[in-house]
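Enquirer: Here is how the chains run, residue by residue.
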Amino acid sequence: MNPLQSVSLKSFFDLKILIILIFLNSCAAEHTKKDLSYGLIVYDQHKDATVFMPVSSLWDGKPVARGIDVPGMTIAVYDQHYLLMDRRDKSLLKYRATPDGLVLEGTLAMKSFAWEPYSSWVNRINEHTVLIGSVVNEQFQYIEIDLKEMKVQRSGSLAVPAAPKGLNYAGIFAELLDNRLFVFCTYQKGLMREHVNPPDGAVHTSIFSYPELELQNGFEDKRTTWPGSYNGWSSNSVLLNDTIYVLGQPGGRTGNHPVAPSAVLRLNKGANAFDPGYLFKLGVHGAQEAYTLFNLGHGLALTKIVESTRISRFDDYLTKRIARYELLDLRRQKRTALATPAIFLDFNMDVSADEDFAYLSVYQQNDKTQLWIYDLRSGVLRRGIQLDGKVIRIDKLND
Amino acid sequence: MNPELLKKCLSGNASEEELEIYSKWMEGDDDEADAEEIITGDIPVSSEVWARIKAQNLKHDHSQLYKNRAFKLSVAASLLAVFYFFGFQHSAPVGQQLVFHYDQSKPLLEKEFDGLRIRLGQNGKVKMAQQRNELLDISFSGNMILSNTTSDDKEILVVSKSTGGQVTSKRLNLRKGRSYLLGHYLFKTDELVVTENRDLMNMPPALAMNMKRDFNL
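So the protein sequences, as listed, match chains A and B.
First residue of the first sequence: 2, per our numbering; consecutive thereafter.
First residue of the second sequence: 12, per our numbering; consecutive thereafter.
Since the hints were derived computationally from the structure, they do not count as laboratory data.
Idealized CB from N, CA, C, for every residue including glycine.
Accuracy of the hints is not assured; some may be wrong.
[To be verified] Here are some of the chain B residues that sit facing chain A, going by a computed Cβ distance under 7 angstroms:
1. Tyr113
2. Phe198
3. Asp201
4. Met212
5. Asn213
6. Pro216
Taking the hints into account, I'd like the entire structure generated from these sequences.
Expert: So, in structure tokens, the structure goes:
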């Protein structure tokens, strides 16, 4: 073998090794990518801790907790980032989801901003900006945050018209659409004492210009009431093709409004009032109550229905599986009961969807969560993964 | 030689007469007398000597046995006292009860009873009673945090009295190491609402906000 042949043979082997290494590396990269398809926030009863589980598939496998325990309330998830409110030291935390767990990327002191989880909301303005709103001491306040730098861009009050004398704001939520911020609420006597006093019989909406956040006008709709939820992170409205669908939950949990039904209202693009021709009733007053509204795409949403007759004590809402999932076709106003087992009524983000499937959590008596997978096209319901603990959130982490 | 005399002589306090006796004893004059004493007595045979030794040993053994028993008894009594003391801290004596009122001057005050740590909200009051072989009975007004500090899950009975005077009771299983929020809530009737500390957000907002105020949650 001449020296030239020797060199070219060596180069050939080197090249082969290089190709193998590149192949292995790409496999590893692919594996990493797969691991981050979804993020689960799960309460582990044995550890008494909330944990993060990255998963590659919700169809099979056994997810396990990775990294640190989750140190606060997850108020929003955007682009593989989790925004947590740490109420102990009043700070906003930004974590990046990785296959090995959550990694802290930034913190923001929130001590100067009064934030109340029962009367708050979060709007995503753009890729790097969120607006957090909250009603504290009967004042609507907001804070706009640059998530990239984790700093406050501005904060102030929103001039929502005052509640009538002797009444307070209740059922609060807001959606941002087309440079307008829609703030929804109703009124109630007493401090969120929905068990004692029924709410006012209307959804009151204030429209603010964005980014000026100046009050433009407002309107009310008396077909249902109580447009908000119990916390700033559960879903109570759906934004679909520049149209906002808002769920009215008359009286909130206990549904104690004397006549109003649980129903969805529609706010069309550019409109200054809910569509008078659209009222999607989700039950008969006094018989069924609907809570939370999850966007599944394709004009579909998911809600949780409670049969009112199953409630004899308030404790039933907390301790019994008294709710069930129902699929809503928002455009056609069609309801489809899904045949999953009964569920607890909670206000967690424990439902998610991708282009083809919806993923529903059912927390079982054996302290495991069974995910059910609903085929949005064929309507077939199947079992997905089962995992230890109670799912608090499911978030799709790659698009 | 008389030891007292010997002592006197050695310390220099002896009289001349006593010094003379001492000198003679030093020279060995007294040996005979000593020997005579023995000779004049009954010389014990070896079996008798052994019998005396055994008797002495037996007496000594009894004395040691007594001392050992006394020592063991004192150790047992000490241990009992220690266990009793710590037992009192962690488990209430059967038939005992605790009544605890909220004290505005000490809002953070906590009490312990039968392994449960108790903290009361504003104007709260609790009565806890433990009877033999029965569940711990708790009746209270206002809001309360109960923490199970024991290493086992614990079942308790919470007795509620409605504003109309109707008494109802509810069994609760408090998991080890967990804290629970207890409050009364007027729904269709006045009823007890219980959640784990971490599930505060599940409570009715009005009740939860009272809890937050009371316990700085």
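Enquirer: Run every hint past the structure and note whether it holds.
Expert: Hint by hint, here is what the structure shows:
1. Tyr113: violated, 21 angstroms
2. Phe198: holds, 4 angstroms
3. Asp201: This interface hint is violated because 10 angstroms lies over the 7 angstroms limit.
4. Met212: holds, 6 angstroms
5. Asn213: holds, 6 angstroms
6. Pro216: holds, 4 angstroms
Violated hints for the displayed structure, listed by number in ascending order: 1, 3.
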